[in-house]
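Please build the complete structure, drawing on both the sequences and the hints.
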Amino acid sequence: MNTRRRNRLVAIVFVLGGTAVTAALVLTALDENINLFYPPERVVGGEAPAGVTIRAGGMVADGSVEHDDSGLGVSFVLTDYQGSDFVVRYVGILPDLFREGQGILVTGELDDERVFQASQVLAKHDENYMPPELAGIAEAESSTPPDPHAGAP
Amino acid sequence: MSRLGAFVHRLGSPRWFFDMTKPWLAGLAIIGIALLIVGTVWGLVFAPEDYQQGNSFRIIYVHVPTAHLAEALYLAMGVAGVVLLVWRMKLADMFIAVTAPVGMAITGVALLTGAIWGKPTWGAWWVWDARTTSVLVLFFLYLGLMVLREAIPGRERAGRAVAVLAIVGTVNVPIIKYSVDWWLTLHQPSSFSLTEQPTMPVEMWLPLLVNVIGFYCSVAAVVLAGLRNEILERESDTVWVRDWLQRAQSGSGS
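If you read the sequences in order, they're chains P and Z.
Quick note: the first sequence, position 51, residue 51 per our numbering, numbers continuous.
Quick note: the second sequence, position 128, residue 128 per our numbering, numbers continuous.
Rather than coming from a laboratory, the hints here were simulated on the basis of the structure.
Just so you know, not all the hints are guaranteed correct.
Claimed, not checked - No farther apart than 20 Å at their CA atoms in a straight line, the calculated lysine to aspartate or glutamate pairs in the DMTMM-like style are these: (1) Z/LYS177 - P/ASP31; (2) Z/LYS177 - P/GLU32; (3) Z/LYS119 - P/ASP69; (4) Z/LYS177 - P/ASP96; (5) Z/LYS119 - P/GLU127.
Right, here's the structure in full:
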């Protein structure tokens with residue numbers, strides 16, 4: 001390779017490297033802000049601010065869903081299966097994928113009792129797909145709670 | 001000169017490339033369309049439905065291939081940008097010029113199918129998480145490449161400026177890929193990878209593989225056709241193009 005071409009290649013490598021480092025620094029600085037939501041640990045730990053609109057996520061705890069006797073009101077517990085969980089209160093239509101054990105994102109604010117008053121509920125899907133027959137088998141086989149890192153928010 | 005060296009050297013000649021790729025075009029197009037028909041019918045009709053999402057998961061057969069391609073095409077343009085800036089190969093500039101609109105269209109399809117899938121699955125058309133936002137940035141990068149080319153007078157200068165943007169923009173590709181691992185996002189981690197255990201059973205995964213290859217071949221055919229067109233246009237004042245045109249005209253029997 002002649003000198004001019006090598007110099008151009010070196011210049012490109014430097015520009016690309018510089019851009020990559022800049023992007024890495026910016027993204028690291030923004031770190032927490034790029035996360036779309038607060039995990040249960042940080043809601044319980046008090047890092048999530050009360051009284052302002054935030055997003056939080058977790059898995060719907062088994063047996064925690066309580067529908068109001070009348071109306072669309074519902075309350076449920078979001079958990080990370082590792083000891084952190086908080087109560088969510090929502091009035092509205094739940095997404096089709098909402099069910100116990102499902103990853104859920106809620107938008108809203110924490111009130112004074114640190115109950116999450118949600119204005120929007122989104123379902124988070126994991127990367128696993130299977131036919132209904134197989135899902136039945138998988139459910140029967142596994143009695144352990146799902147791995148909170150596999151597809152959990 | 002080594003054989004590879006000779007090949008690269010000849011690649012610098014648009015005429016040689018034009019003559020060489022003629023038989024590839026039909027082959028790529030036929031294989032691509034055939035695979036797309038097989039994969040799409042298989043995926044939409046015969047693959048089992050998902051245990052949670054039901055039939056709406058089937059949009060994966062368009063969404064995943066286009067999302068993959070959107071990133072791959074950008075990386076290819078970045079490589080072409082390096083080739084243009086270092087070796088001043090005209091063909092690399094033509095490749096970037098032809099690929100940018102194709103890549104933007106493919107990224108648009110990925111965003112659109114993602115939104116259509118997001119509504120029933122997540123409950124929202126759009127969410128500003130790291131994955132969706134970085135793909136939107138990719139869309140605007142493609143758009144930027146096209147706008148920049150038009151904004152700068154002089155083909156050579158425009159080409160170099162575009163190449164720089166193509167190279168710098170590749171930084172976004174690993175951010176897209178790893179966004180779902182680095183940050184908390186609503187978007188799930190990758191479902192499709194050739195190097196890792198599939199996240200779905202074979203009867204769902206195979207049609208996806210067929211469609212991924214089908215999309216790659218079809219888009220390669222589109223880019224190649226565009227590239228051959230671009231060669232004719234840019235070399236239109238050369239003797240060989242005029243000869244080719246004459247032969248093409250008399251060959252068509254008019």
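Hints, verified against the model:
{"no.": "1", "hint": "Z/LYS177 - P/ASP31", "result": "17 Å, holds"}
{"no.": "2", "hint": "Z/LYS177 - P/GLU32", "result": "19 Å, holds"}
{"no.": "3", "hint": "Z/LYS119 - P/ASP69", "result": "28 Å, violated"}
{"no.": "4", "hint": "Z/LYS177 - P/ASP96", "result": "28 Å, violated"}
{"no.": "5", "hint": "Z/LYS119 - P/GLU127", "result": "17 Å, holds"}
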